[in-house]
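**Student:** If you want the building blocks of each chain, they are given just below.
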Amino acid sequence: MAAVATCGSVAASTGSAVATASKSNVTSFQRRGPRASVTNDSGPRLVSIAGTRPSVRNGQLLVSTGLPALDQLLGGGLAVGTVLLIEEDKYNIYSPLLFKYFLAEGIVNGHTLLVASAKEDPANILQELPAPLLDDKCKKEFDEDVYNHKTPESNIKMKIAWRYQLLPKMEIGPVSSSRFGHYYDASKRMPQELIEASNWHGFFLPEKISSTLKVEPCSLTPGYTKLLQFIQNIIYEEGFDGSNPQRNILRIGIQNLGSPLWGDDICCAENGGNSHSLTKFLYVLRGLLRTSLSACIITMPTHLIQNKAIIARVTTLSDVVVGLESFIGSERETNPLYKDYHGLIHIRQIPRLNNLICDESDVKDLAFKLKRKLFTIERLHLPPDLSDTVSRSSKMDLAESAKRLGPGCGMMAGGKKHLDF
Amino acid sequence: MTPSEGARAGTGRELEMLDSLLALGGLVLLRDSVEWEGRSLLKALVKKSALCGEQVHILGCEVSEEEFREGFDSDINNRLVYHDFFRDPLNWSKTEEAFPGGPLGALRAMCKRTDPVPVTIALDSLSWLLLRLPCTTLCQVLHAVSHQDSCPGDSSSVGKVSVLGLLHEELHGPGPVGALSSLAQTEVTLGGTMGQASAHILCRRPRQRPTDQTQWFSILPDFSLDLQEGPSVESQPYSDPHIPPVDPTTHLTFNLHLSKKEREARDSLILPFQFSSEKQQALLRPRPGQATSHIFYEPDAYDDLDQEDPDDDLDI
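First to last, the sequence lines map onto chains A and B. Just so it is clear: in the first sequence, position 5 is 5 by our numbering, and no numbers are missing. With the second sequence counted from 1, adding 1000 to any position gets you our numbering.
One should not assume that every hint holds.
Computed Cβ-Cβ distance ranges for the label pairs, DEER-style [what the hints assert, rightly or not]:
| hint | chain 1 | residue 1 | chain 2 | residue 2 | range |
| --- | --- | --- | --- | --- | --- |
| 1 | B | ARG1207 | A | TYR283 | 29 to 39 Å |
| 2 | A | ALA309 | B | SER1064 | 53 to 63 Å |
| 3 | A | ALA197 | B | ARG1207 | 22 to 32 Å |
| 4 | B | GLY1053 | A | ARG290 | 52 to 62 Å |
Capping the alpha-carbon separation at 20 Å, the derived lysine to any residue pairs in SDA-like fashion look like this [stated by the list, open to error]:
| hint | chain 1 | residue 1 | chain 2 | residue 2 |
| --- | --- | --- | --- | --- |
| 5 | B | LYS1112 | A | ILE209 |
| 6 | A | LYS188 | A | LYS90 |
| 7 | A | LYS371 | A | LEU134 |
| 8 | B | LYS1160 | B | ALA1109 |
| 9 | A | LYS119 | B | ARG1108 |
| 10 | A | LYS339 | B | THR1211 |
| 11 | A | LYS90 | B | LEU1202 |
| 12 | A | LYS308 | A | GLY323 |
| 13 | A | LYS90 | B | ILE1201 |
| 14 | A | LYS280 | A | THR334 |
| 15 | A | LYS339 | B | ARG1209 |
| 16 | A | LYS90 | B | LYS1160 |
| 17 | A | LYS339 | A | TYR91 |
| 18 | A | LYS371 | B | ILE1201 |
| 19 | A | LYS119 | B | ILE1201 |
| 20 | A | LYS369 | B | PRO1206 |
| 21 | A | LYS371 | B | PRO1206 |
| 22 | B | LYS1160 | B | PRO1206 |
| 23 | A | LYS339 | A | ASP365 |
| 24 | A | LYS208 | B | THR1211 |
| 25 | A | LYS226 | B | THR1137 |
| 26 | B | LYS1160 | B | ARG1108 |
| 27 | A | LYS371 | B | ALA1109 |
| 28 | A | LYS119 | B | GLN1208 |
| 29 | A | LYS371 | A | ASP185 |
| 30 | A | LYS369 | B | GLN1208 |
| 31 | A | LYS364 | A | TYR338 |
Calculated from the structure, these hints are not laboratory results. By construction, the Cβ of each residue, glycine as well, lies at the ideal position given by its N, Cα and C atoms.
Sequences and hints are given; from them, build the entire structure.
**Tutor:** In structure tokens, the structure reads:
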């Protein structure tokens, strides 16, 4: 409301500027503003919706994904009208967290939510959202979190390579002046009042679908059809396609898309009957999103999909693709290189929206860790080789990993104690 | 003491494994193979839950009822509710006792229970169902059955449901097995070495890290479990102890390590591009040694010692 009022006064002043210009007739170029005869303002050209900001590169309207570190990696945030696809980790522990951060950000900003799942009731998902951290408390919480993990090596100023100290670090603490991304406490639940005050719609597949539906070949699985109809209804009824003058963003969250619980058999068989169902769904969904003020997050168990060609098609049909790889159960869990982290995060695709190049960051080796309260994404650094008697196998691991890591990695590659020049 | 408490107070170690498998509820997947069969473990779990007073339903599809009930004493046999789909799987004899809709109908009917008593449903076998029903339908029904008690609002009305599914790994490709194991709360893979059976148990609690353990066991004729220590396995050392690790910094012609004095001298060295105040003073001070520096030059035979400026010829 405040934005509209100030724009109204600006419009009045430009109206008077037009009047004076026409009187003095200095130039034949007239500013095409609202006419002075119109008493009620026709509305500002640029509407500011809560929780969005234009991108600094190309003015695209962005929303936050709920994790400011992920926003930074995606070039400022998730563009409105695009799909964020999260490739789930093997035991599905960390991808629900990203899903919930996205929804929690929507509640904090006052956006409308649409939660679709075939596994859990959406009301239960909303009960488990993390609590937002308010500005005055969060600085204190961050300081104590960061302090616990401070290593003595980080305090040494670099003497010879002192220019590398000026490299920008990954931002893991809160910026108190930003209202765009919020921080959340993963150990606490969102307060009930906030959830009830928000406007949300849930789609739980077992309730919406009857089991005796006939499926025609080469068409969408009935579950997907129902979900698309539901999304279209919500967009149309609540005016997210531009018909509602009070603009708001619709945040859509779809959990475990492609799993057998949605009725899709791409995880069960390599050449099933409905192998095009998922790709058709994503195509239609993208069309719905591009013509409305909405952003969508989808988690998909791509490690279960049998046909690798489908994964490639799904990646192409989505806009932003982020893959999570957790170390649980793999041999990397015991690798000393990865001992501080819980998994790797791969940014597989960033879209080129109205642009020839995309806004990728130069940091390609990223790892995440779930601390008690925070989910952090950090650049992967090799730890210093501190022990004098390092066994040969771990030395070879480090050497191989050093070859894999990009040039943007830390300068501490290689042992410190062994070679002193 | 009620019989269930008596059963629980039995051998402590034996109860741990079966208890942990049944305690979590949800779908328990027993993956067996030709060498290490899982039906005896399934029957041990059935016996355990029957003794604990739970309602036990058996969907018998792969073996006949007599063969399944063999080995159980009459007390347990009376408590089992057996649905026989082995004798007449397609319901050709059209008798009333057959369940309408086949095994899938039986599972769907169990979704609509309202009893507060905990229930164990044993599927013998899940492989049989997977080969005859579409995988997605089976996954949806299993999820609906095993998650009846997960609503936080009315958790008191419906008791805990455990679905024990016997899956023969070798019959299916990685797709269906992967899909079912992503739905399962507990996964038991049977294996073993040298005549001793082991169970690798993977527990997936929701929103927590999965825990896994390997347990060596054997099943006694009355279908009670006997836990054992594994066969002694020599641990393979990572590096061969006979060959000491080679240190490449010995026997070098140059010095790779610094002594303490040398390290101090290195730390106190001012680097050439570091602009400190001493350096500034050294540059601004007039150099005392300037007067004593000379340049000695021997003129060559071909040198032109003309003092004129060759640029004078240019007309600027």
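**Student:** What are the numbers of the hints the structure violates, in ascending order?
**Tutor:** Hints 2, 6, 14, 16, 18, 19, 24, 27 not satisfied by this model.
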